[in-house]
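Novice: The residues making up each chain are set out below.
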Amino acid sequence: MTAPATWLRGAALAAGLTLTGFGLYGLLDDAYVTEPAGVLWWAVGALVLHDGLWLPLVCLAGAALGAATGIALRAPRPTLRAAAPTRGPVLRGWLVVAVALTAVGLPAVLRAGRDSGNPTVLPLPYLRNWLLLLAATAVCAALVALARRRRRRRHQRRSGG
Amino acid sequence: MDSKPPGARRRLDLRLDRPLPPPPGFLRRGPFRDGAFTSALHEPRTAVVLGRWLGAALLVCFLTGLTSHFLQDPPHWLAPHLPSRPVNGYRITQGLHVISGIAAIPLTGAKLWTVYPRLFDWPPARSVLHALERLGIAVLVAAVLLELCTGLLNTLQWYPWPFPFRQTHFWLAWLAVGGLLIHLAVKAPLIARHWRGRQAPAPAGRRGFLTAVGAAVGAVTLTTAGQTVPWLRAVDLLAPRRPGPGAGGLPVNRTAAQAGTVTVPADWRLVVDGPRPFRIGLAELRQLPQHEAVLPIACVEGWSVSARWGGVRVADLLARAGAPPGSAVRITSLETEGPYRVSELPAPYAADPLTLLALRVDGEELSADHGFPARIIAPNRPGVLQTKWVARIEVLG
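One line per chain: the protein sequences are L and D, in this order. Counting in the numbering used here, the first sequence runs from 43 upward without gaps. Counting in the numbering used here, the second sequence runs from 743 upward without gaps.
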């Protein structure tokens, strides 16, 4: 894609600033939002928890996984990096899927079984379902890993390696 | 920035663009060090690919959210023009709203992980303008995180925060979209450079990572979308609702016990207010011409299910009350309190032959939870406006 025209960038910037101002004004002006500071604290809290706690944990886990599976993720030269086979990608992939299922399912797991006075809200056994999904996706990942290994072996045999 | 006209740029050079002195080097520790992040995937092309997916999800989420807002709370100039068709319109837009919002959860996680090292750029602010841009990113990220968090918990009816959900969710959406546009404007050259992946050989693991993110989006979608997509119901394992067939499988947002309408006054008679006002009891309502319509209950929380409703056409009641054509209607419930005790039915809905004062659902008399003795059911409408336990129908000017 060629670089977008300056006027387009300017228009996007102006529109973005306008919408941000509109949202901020609306939030501060809304009669129902009596304590905008509460929103601010929750926003700061979300940033701190996500960027200050969650992502460092993910990066540490990724690095530990790299060390455990013996990948030099930081290859010395880009060409080598591009050519180097990755190990453990299926495990990493499964972890991505498992984390996503947990992020979406955990609130239901935590709230399930409470008597909210409305039995049609959260009617399922969410803890069981969540564990079931983790197990089912793990089995899928194991099958993918197995298929990859078999294909690699065949490839190595064919190329005499 | 080169998006400014020349005059403004000269002024900005004097103020916002002036380089700031870098902080002392000994502060450059931990994640600020060069090479603190080991993965090869913290690179622009991965960010651009994920950004495209996330941008599409957020755009769908924003537009469907606006649709829901205007259907639920229309400005007075818009109300008379709201369409009562297509019948499943709101079911589809609000279903998409929650589906795209849930899909955005893994996409946001992956995108933020990819660009995480940029948080520790050194120096942290090259100029005032750069500091402002980074502040804009903070607003964008915080708004998106809060939107996803409040939206997800709202589908569970869980409100642990000290602010009202609906208004905050609405205003934060503007902050998120505004922040996104600013972000796109600032990053446009970088995005354009990496729009097609021809710049450099792909780092090992990129394809695997993107495949994993795609699989994660698929997994969370498949296991939650069944609350609105009937053929996905069997794998609806994590969704907060499980609509089923028949009146018994129809979820409710507010039970009769919660609304205080378990027992209806023995002398209940519907009041229809208009030029020729009248009161009518349940037995007489059953004597009027009965109609059936297959209409969805589509909730703002993202679940929906169709049912076969039976009862009296609202248009027939209005004609009997002598309402002029094109009248809007106000519906009042037996509930003593609650934000949806009173709803307005704009003229196109009131005139629609599918809009019923329903007395039955799927062949059975309405249960207390579904609005006994009578409820409103209209096409293309948010569920909270399908007023239950109707006490009064009033023709508006």
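Because the hints were derived from the structure by calculation, they are not lab data. C-beta: ideal position from N, C-alpha, C; glycine also. Hints are supplied without guarantee of correctness; some may be wrong.
Stated by the list, open to error - Covered by chain D, according to a simulated footprint, are these stretches of chain L (three or more residues, beta-carbon under 8 Å):
1. 143-156
2. 174-188
Stated by the list, open to error - Just so you have them, the derived chain L footprint on chain D, three or more residues with Cβ under 8 Å:
3. 794-805
4. 888-897
5. 1001-1014
What the hints assert, rightly or not - Simulated restraints, written as ranges between beta carbons of each label pair:
6. D/T953 to L/L82: 36 to 42 Å
7. L/G87 to D/R876: 17 to 23 Å
8. L/A57 to D/V870: 31 to 37 Å
Novice: Each hint: holds or not?
Specialist: Against the structure, the hints come out as follows:
1. Under the rule that three or more residues need a Cβ within less than 8 Å of chain D, the assignment of the region 143-156 of chain L holds, with 7 such residues.
2. Counting residues of the region 174-188 of chain L whose beta carbon lies closer than 8 Å to any beta carbon of chain D gives 3, which meets the minimum of three for the stated coverage.
3. Only residues whose C-beta sits within less than 8 Å of a C-beta in chain L count toward coverage, and the region 794-805 of chain D has 0 of them, not enough to reach three; the restraint is violated.
4. Under a criterion of three residues with beta carbons nearer than 8 Å to beta carbons of chain L, the stated coverage of the region 888-897 of chain D is upheld, 4 such residues being counted.
5. Counting residues of the region 1001-1014 of chain D whose CB lies closer than 8 Å to any CB of chain L gives 0, so the stated coverage by that chain is violated, three being the minimum.
6. Under the hint 36 to 42 Å, the C-beta atoms of D/T953 and L/L82, about 38 Å apart, fit the expected range.
7. Between L/G87 and D/R876 the CB atoms are about 19 Å apart, so this pair conforms to the stated range of 17 to 23 Å.
8. Taking the beta carbon of each, L/A57 and D/V870 are about 22 Å apart, not inside 31 to 37 Å as hinted.
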